[in-house]
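The chain contents come next:
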Amino acid sequence: MSGYDLLARSLAACGREGLTGELRVSGVPGGTFHLRNGLVIAVETPGAPGPEALLLRSGRVTGEQWAALVREAGGKRWPVTGLIAHGYTGAAQLRVVCAMALQDAVFAVIAGRIDGCESGPAGLEPPAPVPVGESSVRLLEEASRKLAALATLPYPVHPDRERPLPVLGFEGPLTELRRDVIAHADGRRTARDLAFRTGRGVYTVTVELARMLAEGLLTCPPRPAPIPVRTPPEGVRHRTPPLPAPPPPEPPGPADLPRRRPGGFFRLRNGTTR
Amino acid sequence: MDHEALALEMRGLREQVTGITDTAVAAADGLLIAADTADSIDPEGLAALAAAGLGLARRTAQATARGALRQTVTYGSHGCAAFYAVGDTALMIVLGDEGMDVDRLHLATQPALDRIGSILMSRTAEGV
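Chains as they are written, first to last, in my numbering: chain G, 1 to 274; chain B, 1 to 128.
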């Protein structure tokens with residue numbers, strides 16, 4: 001059974017049971033599906049930026065403002081009331097951000113490797129849940145459609161594979177997304193890394209990377225840059241010097257030989273003095 | 001020291017854990033040995049900070065009877081910086097973005113630390 005089939009069956013089982021809890025997906029990038037009454041309300045994955053990262057990286061909220069919102073909300077992971085009350089985002093806009101992040105996370109999970117799925121009770125409160133849960137069937141269909149669309153592009157890109165560099169010398173109009181990609185593509189970052197860096201969806205960035213590679217705006221170096229390594233002048237040494245070795249034990253003396261006494265040799269040669 | 005083996009360990013860790021952005025290895029005194037870092041990072045300065053940070057954390061663990069130091073992690077709104085001691089000879093630095101699963105990082109790092117420690121202490125035929 002493929003990883004995708006395993007996930008689809010596990011989510012379908014959660015839906016039938018009306019699970020309120022979590023489905024943990026092991027693999028790379030893997031992730032956690034949060035469910036309420038069998039419907040998916042949030043997905044956390046290292047493979048795609050969640051709503052918090054999208055808001056922070058896009059500059060809509062600063063790190064300090066976010067920390068203040070979390071304190072104000074009594075330590076909640078997702079300070080939705082404060083975000084709207086302070087005017088950082090509108091309620092409708094926030095719902096759109098959460099819904100798009102949810103779909104993007106599902107795309108990232110199925111684009112990667114799925115090793116196993118395990119359902120369990122709810123752990124921590126889910127971050128940025130959508131108000132009305134989504135059917136897992138619809139979410140998986142949408143993610144599969146995106147994956148298939150990506151494969152048909154002239155230069156198919158995987159979110160975690162290509163690490164492109166900009167091609168120097170291009171002068172022409174660029175969209176804001178393309179400018180951001182060119183500014184941050186350094187031969188080390190994948191589409192997933194660039195999505196986090198620029199605060200955009202991983203699918204959006206992956207598609208744009210594929211187009212820019214096909215158009216010659218980006219190129220993939222044949223091999224990664226070598227990692228410079230140098231040996232310290234005095235070598236790598238222990239911080240604490242090892243304890244000195246204990247002195248070797250005294251060799252035991254012969255037990256059955258006579259002990260010499262001072263003057264013994266003189267008495268043997270010359271006889272005992274009287 | 002086998003330079004190629006050390007570079008492979010560092011690159012392998014970055015590929016194994018989603019979200020790692022940079023790695024570096026330094027001697028325990030903060031002298032940089034290897035850096036797989038973006039141009040925006042000053043690896044020499046980072047190595048010195050890691051040595052100082054681990055030293056402070058080790059003394060804090062001793063002063064508060066918290067046992068042997070495992071690692072230090074600095075969390076920011078755009079990711080985290082983890083410092084690990086490689087035995088008592090060296091240290092490893094891992095930087096990750098906000099998507100990195102820190103628990104998974106700790107699990108993946110432990111076997112890598114042992115191997116990196118062996119690589120650093122091994123001597124080649126030339127004695128380097």
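Since the hints were derived computationally from the structure, they do not count as laboratory data. Each hint should be verified, as a subset may be incorrect.
With the Cβ distance kept under 8 Å, some of the chain B side facing chain G (calculated, not the full set) [unchecked claim]: (1) G19; (2) A27; (3) A34; (4) Q71; (5) T74; (6) D88; (7) T89; (8) A90; (9) G99.
A partial selection of chain B residues facing chain G, derived with a Cβ cut-off under 10 Å [as the list claims (entries may be wrong)]: (10) A35; (11) H78; (12) E98; (13) Q110.
A virtual CB, placed ideally from N, CA and C, is assigned to each residue, including glycine.
Against the structure, the hints:
For B:G19, the suggested interface contact is upheld, since its CB lies about 5 Å from the closest CB of chain G, less than 8 Å. With 8 Å as the threshold, the beta carbon of B:A27 comes within range of chain G, its nearest partner Cβ sitting at about 5 Å, so the hint holds. Against a cut-off of 8 Å between C-beta atoms, the interface hint on B:A34 holds, since the closest Cβ of chain G lies about 4 Å away. Of the supplied interface hints, the one on B:Q71 is violated, with its beta-carbon coming no nearer than about 17 Å to a beta-carbon of chain G, more than 8 Å.
Below 8 Å, beta-carbon pairs count as interface contacts, and B:T74 has none with chain G, the closest being about 13 Å; its hint is therefore violated. A least Cβ separation of about 4 Å between B:D88 and chain G falls short of the 8 Å threshold, and the interface hint therefore holds. Satisfaction of the interface hint for B:T89 is found here, the shortest Cβ-Cβ separation to chain G being roughly 5 Å, below the 8 Å cut-off. Checking B:A90 against chain G: minimum C-beta separation of about 6 Å stays under 8 Å; hint holds.
Hint status for B:G99: holds, given a least beta-carbon distance of 4 Å to chain G, under 8 Å. Of the supplied interface hints, the one on B:A35 holds, with its beta-carbon coming within about 7 Å of a beta-carbon of chain G, less than 10 Å. For B:H78, the interface hint holds, since its Cβ comes within 10 Å of a Cβ in chain G; the closest pair sits about 7 Å apart. Below 10 Å, beta-carbon pairs count as interface contacts, and B:E98 has one with chain G at about 5 Å; its hint therefore holds.
Against a cut-off of 10 Å between C-beta atoms, the interface hint on B:Q110 is violated, since the closest Cβ of chain G lies about 18 Å away.
The structure is inconsistent with the numbered hints 4, 5 and 13, although it conforms to all the rest.
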